[in-house]
Amino acid sequence: MTVDRFLTFIRVFLVTMIVIGLLAFVWQQIDADNPFARWRNPGARGLTGDQFKGLLISGLSQGSMYGLIALGYSMVYGVLGFINFAHGEVFMVGAMTGFIASEKFNDNGMWESNFLLCLALIVLMAIFFSTSLAVLMERVAYRPLRNSPRLIPLITSIGVSFFIQNLVLGLFGPSTKSYPRLPEWLSKQRSILTFEIAGTRLMVLVVAAASMGVLWYIVERTKTGKAMRAVAEDKEIASLMGIDVNRTIVTTFAVGGAMAGVGGILWGLMFRSVTHMTGFLPGVKAFTAAVVGGIGNLGGAMAGGISLGSAESIAPLLILEPLGVPGVSQLKDAVAFTVLVLVLLFKPSGLFGERLSSEERA
Amino acid sequence: MSLLEIKDLKITFGGLDALSGLNFDINEGEIVSVIGPNGAGKTTFFNAISGLVAPSEGDIEFEGDSIVGLDPSTVTSLGIARTFQNVRLFPNMTVLENVMVAQHCRTRELIYGALLQTKAFKKEEREIRERAEEVLGFFGHRLIGYRLDQPAFALSYANRRRLEIARAMATQPRLLLLDEPVAGMNPIETAELTALIGRLRTEWGFTIVVIEHDMKVVKDVSDRVVVLDHGVPIAQGSYDEVSSDPNVIEAYLGRPVEAKA
Amino acid sequence: MSALVAPMPSSAIDQDWGKVLRWGLICGGTLIAICLVGMPVELDRRELIERYLSLGYVSVLLIPILIGRIAATQVVLEGFESRKQGLYDLVTGLMVGLLGGGCLSLLMLALDSWNLRDPLVNWSPKLFRFLTYENGMGFGAGAWIVTCGALSLAGAALHVVPAIVRRSTGTVVLSLLALSILEGAVDDLSEGFGLDWLTDLMYAKKGGLTLTSTIVVGAVIAVVSVLTSGRVKAATNRYRDMQGAERQKASMILFAVVAVLCIVLPMFLGKIMNELLANVGLFLLLALGLNIVVGLAGLLDLGYVAFFAVGGYTTAVLTSPNSPFFAPELHFGFALIFVVIFATIVGLLIGAPVIRMRGDYLAIVTLGFGEIIRLLFMSDWLGPYFGGAQGITNVPGVDLGFATVKGTDPRSVFYLVLFFCVIAIYVSWRLQASRLGRAWMAIREDEQVAEAMGINTVSAKLMAFVVGAVLAAFSGAVLAAKVGSVFPTSFMILISIIILVVVIVGGMGNIAGVMVGSFVLIGVLGGPKQPGLLQEFQNFKLLIYGMLLVFMMLKRPEGLVPSARRSRELHQEEFLQDAWLKGDKSDDDADDEDAVNVGDGGGEEE
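Protein chains in written order, with this note's numbering: chain C, 1 to 362; chain Y, 1 to 261; chain D, 1 to 606.
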């Protein structure tokens, strides 16, 4: 059929462009003044090894934050089968809480004198507020809609997201909020395995890995986790087996919210700025990451986040610039969405496979 | 020439054979019943013909051309219509609309006709409606009159089954696949529908394949019976031949006790 | 059926205290939130009744009334006979209000004791002064507790008083509010009709109704509403019950009235009102297009703004002399042909990859596309062709020979928009009742079965996508001609979402609903950048949009003016009950009995 032929054409076209871009990149690395580069990208100098590593590190750290948010999307989708569009706002509220608390700590000097305690406190507070928000959302907006047609909860969550964004705007104003500076011993550049890495990014990677570990433990090893998996498989049967479905769903939202809260703090510490819109793009990208990794699949969400983060950090320079596209850094977000489209075109169930109950797969 | 030819049809779901090595023909004007215990692969067989499931191996030929790999809508427009085991109507559309929409592949007016209200468009709309009423009229008074404008979800179970058959008829098929048409009906309704299936052939000229559990219906309607078990055809023939076949009895009732020991 | 009576409370004091506490806290929380987002202080500047009441106070005072009313709503379980409402419910309302007022007093105390200005931008002495009427803490706290209690009591009393009293007080309060809030519009309108003297009499010089006029107008409205009580409802009911030709005739008359109003009214309106109408029209056009995509075909397209952008940019490039790369300076009419072509192409390009996806994936992916298109228009890469962040300026107006449609003459813009809206309405109306419209319905209901019934779902859905795209592109083209320039920032994702709210609040799948939605939302609250009648709400309108969207989805998903089909879909059980009560089993079918029993299974089938 025509549409299929057209889709095949799109697939072939995209892959060809990527391959040409990569080849041009390689050629440019070998000889920056080759004919193709002279034609498309005259100023090209290629990337040094250090630059490449830098991109990789920034992609990884950003990606691991996407991963943390993606866990929430993935868990909720796995259990309830709808996209909680407002999950990005949960993340934003985490970052915002972190900002308010850390600024207060900074004002009375505790931030410098006892940084680790402050960090622990702001993480706890962010987790508290994000979790409460996620649970509240579920209770007020999503629970009454549990049996309604598919798109209704999605539209509701768009409304919730819009509402929270603008509530935060109203409460805290439109200005960009900056986190206080991190202590020198944490933020300084370190060199690990020949990678030059800023301490902050290292921290992000470590915390993300640790959170993932905790989550894995909860889902795979505890009774609550077992209940979650059962509810994800089939709510009705799970309730017949004596599982409190409502409670399990609330727990799912809470755990997702906590992860988003941690992600929010990490975001704040790394980029040091938060606004009421902070949740929107990372939220959409985290959902993208969840789809890329295979929705419902927790390991996949994390892996998807990391792949997406790396792709959007590396691909512009690796593929677009050798093709002669100017101002590639502006196209970072476009790259992320292109990755989503690519994955959905080639492997709609994500790189690592979906885990959904049969009713949600339809 | 036979209308539908199934050649070495094999369908696998994740290593499990739902159908393996199915071979048989359906001739023009025949009524064939497909029976077999639960999980024998009957519905999978229908899904394969109507294009909802892709066969792993083998071929399905309709009027001499392969229909494997075609979209369900293309298969329907070639002249194969079906009903579903678990009645799948468009619940919020009215009875009339359910049948009108099924004529999609037999009609052609698109945006321009509708916007300019061309003569051709109006004529086609009128024909669609007339045909829909004609098809619904086949079931007596049950689906016409005030019922035409009722949403499908408000119908009784038996009427939903009837409407589903009407909807399949409206696609103007040559081959009609009925998946458990009398399931959930009471004996009177069953008898009535059995008679209707016969009339579908004589009056409308359809070739019909029926999946059915009710042996009385099978006996009354079918020229030929195919028995499936675990995805394999174990017997074929007239109802009487099949019902006395030891393989069939075994498939339904299990092996005699002494054989097991 | 024997009447079961819900457990009766033994006395008015025997309250469900958990419920009271919950609603009280909700009331208090809402009040505090409203104060802290700065609504009252900002709206305080707008006088409604001269010297006595400002919009700011109204925004706060409405809360206890609403929540008191909701809290005192009786939950009637199926099969139980409802209890007669009385003193018990009044006490509930009162307690809820007192609690809410108490929360507000706590806020005042906090405002007085601490300075949290740092994170909370609206934590200000101004707010304190607003809340205490500049009369000190004690007075403020006492006054608010009493007021909230009284108002919440009034809200609860709405359940208790006879219907006629309820209806006429409601009408009086709402019309007075409307008259005072919509002062600008009323002024403008009366000027056009030469009735300035009336408005001069009604409104004070600095704005707001005068006290005398409030009383007089209120009394007049009260009398009128008592006299006409029930008539309006009866008329709508009569319309609803009409059948076939009679209904068609009534609809035609209604339509003709609306059409005449649309043509005649703008002639009497001033610039501001016409500007407003033009904006409403632009969004109505977008909403009608989205209604085809979402309401008829069931595709939740969140990147709808992309087509709006395509229309705007195509027009700008083809007509503006300032187009950076290619400036043929075509006439708007010629450009329109290319608008249709490009919208179709982009619609197909975006549509083809997403059309097979699950509904919710489609939403996110189209959102991504909407964002990509904006980023591309803004990027340095396509900057040489589309002007990047600077956009394209100097887009000429539409030269019609006898007149030129320009942004400086909003009336002409309105007529141009009206022209396109009529096209859009006609298209939606005709398609809905055609072969294609039925196919869309079937796809929305059950895609797999639709496919099995011979509908080529891919092409049907693509067609919906393209029709929607073309309508949105028309809107973009008019926008470019109206504003005289296009910028990437005019095409934010926000617009997609606002249009979605318009469609949903109005009534998905229903043309009249979408019209009502655009007038109410865009007209009163305003578009993303365009002010509505309530200009003071500029900073809060997105908050209200979000809240409305959630509220509608929870309480009335079929919208303000629902399409018959959609409300049936969302309330299948009620429909079946009604049918059963009407004794809808007239013929002799034995199986008709179970129409009701089996009925509720129908909707849940996949």
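Since the hints were made in silico from the structure, they are not lab data. Think of the CB as a built atom: it goes at the ideal place given N, C-alpha and C, for glycine as much as any other residue. Treat each hint with caution, since some may be false.
[To be verified] Derived DEER-like restraints, expressed as beta-carbon distance ranges:
no. : chain 1 : residue 1 : chain 2 : residue 2 : range
1   : C       : Phe6      : D       : Gly29     : 49 to 57 Å
2   : C       : Ser132    : D       : Glu573    : 52 to 60 Å
3   : D       : Arg129    : C       : Val140    : 48 to 56 Å
4   : Y       : Leu16     : D       : Ile423    : 39 to 47 Å
5   : C       : Thr2      : D       : Leu25     : 54 to 62 Å
6   : C       : Gly242    : D       : Ala163    : 45 to 53 Å
7   : D       : Ser459    : C       : Ser329    : 35 to 43 Å
8   : Y       : Gly21     : C       : Asp234    : 42 to 50 Å
Against the structure, the hints come out as follows:
1. Phe6(C) / Gly29(D): 49 to 57 Å: With Cβ atoms ~53 Å apart, the hint holds.
2. Ser132(C) / Glu573(D): 52 to 60 Å: violated (34 Å)
3. Arg129(D) / Val140(C): 48 to 56 Å: violated (33 Å)
4. Leu16(Y) / Ile423(D): 39 to 47 Å: violated (55 Å)
5. Thr2(C) / Leu25(D): 54 to 62 Å: holds (59 Å)
6. Gly242(C) / Ala163(D): 45 to 53 Å: Given range 45 to 53 Å: holds, Cβ gap about 48 Å.
7. Ser459(D) / Ser329(C): 35 to 43 Å: Distance hint for Ser459(D), Ser329(C) holds at roughly 39 Å.
8. Gly21(Y) / Asp234(C): 42 to 50 Å: Violated - the Cβ-Cβ distance for Gly21(Y) and Asp234(C), about 34 Å, lies outside 42 to 50 Å.
When the structure is compared with the earlier hints, violations turn up for hints 2, 3, 4, 8 and for no others.
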